[in-house]
Amino acid sequence: MEKHTNANLVTSENDRFIALSSKGSKFDFQSKPNGSFKYKNQLFDFKVTHAEDGFTYIELNGQKYAVELVSVNQNKYEVLINSITYVFTVETPFSLKRKDLLKKQAPQSKVESIPAPMPGKILDVLVEEGAAVNEGDALLVLEAMKMQNEITSHIKGKVKKIFIKKGENVMKDDVMIEIERN
Amino acid sequence: MTQIKSLLIANRGEIAVRIIATAKKMGIKVFAIKTLKEPNEMYLQLADEVIEFPAQNDEVPEFLDVENIIILAKENKVDAIHPGYGFLSENPYFAKRCEEEKIIFIGPSADAIYKMGNKTIAKQIATKHNIPLLKGSYGNVKSYSEAEEIAENIGYPVILKAASGGGGRGMRIVEHKSDMQKMFRLATSEAEKAFNDASVFIEKYVRNPRHIEFQILGDKLGNVIHLGERECSIQRKHQKLMEEAPSSALTPQLREIMGNEAVKIAKAVNYYSAGTVEFLLDANNNFFFMEMNTRIQVEHPVTEMVTGVDLIEWQIRIANGERISYAQKDIKICGWAIECRINAEDVQSNFSPCLGTIQKISIPRSKNVRVDTGVREGSEITPYFDSMIAKLIVYGETRQKAIQTSLTALSKFKIKGLKTTIPFCKAVLHNKAFKQGRINTSFIQKDLDLLYYQEENEELLAAAFAVFSHVNELRNDQESQLDYEKGKALNPWLLNKRIKSL
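Each protein sequence line maps, in turn, to chains U and G. With the first letter of the first sequence counted as 1, position 148 gets the number 148 in our numbering; the numbers rise by one all the way through. With the first letter of the second sequence counted as 1, position 317 gets the number 317 in our numbering; the numbers rise by one all the way through.
Among the hints, a few may not be true.
[Claimed, not checked] According to the in silico footprint, chain U covers these stretches of chain G (three or more CB under 8 Å from chain U): (1) 341-354; (2) 444-456; (3) 459-465.
[Said to hold, decoys possible] Under the rule of at most 30 Å between Cα atoms (straight-line distance), these lysine-lysine pairs were calculated in the DSBU-like manner: (4) G:K360 - U:K64; (5) G:K37 - U:K172; (6) G:K237 - U:K166; (7) U:K47 - G:K360; (8) U:K23 - G:K414; (9) G:K412 - U:K64; (10) G:K142 - U:K121; (11) U:K172 - G:K177; (12) G:K237 - U:K156; (13) G:K414 - U:K166; (14) G:K360 - U:K23; (15) U:K165 - G:K414; (16) G:K142 - U:K172; (17) G:K193 - U:K172; (18) U:K121 - G:K412.
Because the hints were derived from the structure by calculation, they are not lab data. Note that the Cβ used here is the ideal one computed from N, Cα and C, for glycine as well.
Can you build the whole structure from these sequences, using the hints too?
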């Protein structure tokens, strides 16, 4: 037996939820009393199924994709659909307003960190703390899957701190170097 | 003529599964090696006998451990060893050790492996037999200043390659003289690390060539035929990601010319077993010999699809000493085949490897679709082995049909728990230039705007799912709070009703 769960779970009618993707797209949903969602003035009837084959599907007008919720961190949702990751923060009109306000007040960070793009081993560190770097300058050589990759700086600035040493192993997203923007 | 009745597979994963399938068909008893790194894999279940690899504390990975594999083969009295691809498949010392111990090595002679494995010697042989080659150092380059000198002579851009290399490792393109010192250092250190041999050679770099390779089959009686070409231009950092047979670039005439050259170089080293001769083909249909791979290739199924020849079966029959029953004229290329490599990699994050467990897997099965895989539900993707988890091979009467069937099959190929290169394969198959057959080795950099394909409304559905999950969570929070804080005051009838509706 397949277990169907209707996507309409909103407690009261006409609640609005705004999904903001990390890439900048914005999806503004409004729940409707009949169980569907209103999006861009169109009514959508999403269906979520936990099927017997072990996959979870989301379906809309005959389009049906396997979907996974990879992680939840507060209101941040990482969704995997057809092997593509989408990251959304789900906001209400009120929380979105507050978020925009906070963003305006916060100063732009001067320090940019360089995280490891993949797990691997540091073969060589090509810069020293305090060194000036241009955009595109090589910072270090990272070996991953038996390939050597030059990691370059994406901004112009000064090397603020180096967290790694030659010969060390790093995990994905470990901060290797911090660069202070000029 | 010997008759192989038992064989040991010195490999793992999908190629072990592939070899088992043919060996079983031929009535051969198969021994597989179990390692502590993946003690529950599919290939072990399919084998007739499973041998445990002896516990060890040194740093040699199991499938590279020549002496221990020889010991296992002798202890179990196997007639032959199949090395698969990678690992010891192109190690002449291993082939020689097998010979010394009277175990049949399913592959070419140690001498042929050695000659073709050393790119410098391979080029010398090609030169001697008038096979077209790129200008270059024709030998190892000792220093960057020597490299600079040669590069001045043949003209930039040039490419530095590890003499013992393969699979794109230890290769560096040098565009200008000013980059030579840095690139020379990178190439030699990478070569030293990867192959224990820092020597590199230098060669004229052809911009945007196609990578065309010919499948060769030779027997121990000196007969050599080719089974047509494979187009392997869809590459990223010299790693093949998609292959097809035949190539849309070749006319029957060009196929015959290139095929004959491939046979010629194989004959020059008295080649037997299956092998692959790689060429670069430039925009004006000039071709240049690159190297010969003296093993079964990952992409061999596309050739099997269009020729109907079981290459693993012929490797075994040739190892038995049998004569190839096909003459060149018997080999007909029929229809089109495409192979998509499905790797556990994150296409959105620079193809970085995705480690983890396959929670669920659903493999498309239909006419004209073949899936070679070594994984199943519960399989773990570890950092010990490469990231390829499956190959989807599709046949079509025409290239267009093969593309369409591949896309349908990819959309039915589902894996839960890991990200795969499926969205990348879709992006290639949907690309206009690809559909028209206009591809070369720069395709991914130049013609592919986005490295992954998004299905229609995919992002909208993902957003809806995020909202759905969020609302679900809000409701759970609310309910647990209600029950905890106000539960005592609730009317028991209402409480009961609420519990039922949870």
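Here is what the structure says about each hint:
no., hint, result
1, 341-354, "holds (count 7)"
2, 444-456, "holds (count 4)"
3, 459-465, "holds (count 7)"
4, G:K360 - U:K64, "holds (17 Å)"
5, G:K37 - U:K172, "holds (22 Å)"
6, G:K237 - U:K166, "holds (24 Å)"
7, U:K47 - G:K360, "holds (21 Å)"
8, U:K23 - G:K414, "holds (25 Å)"
9, G:K412 - U:K64, "holds (11 Å)"
10, G:K142 - U:K121, "holds (27 Å)"
11, U:K172 - G:K177, "violated (34 Å)"
12, G:K237 - U:K156, "holds (27 Å)"
13, G:K414 - U:K166, "violated (40 Å)"
14, G:K360 - U:K23, "holds (29 Å)"
15, U:K165 - G:K414, "violated (40 Å)"
16, G:K142 - U:K172, "violated (36 Å)"
17, G:K193 - U:K172, "holds (22 Å)"
18, U:K121 - G:K412, "violated (36 Å)"
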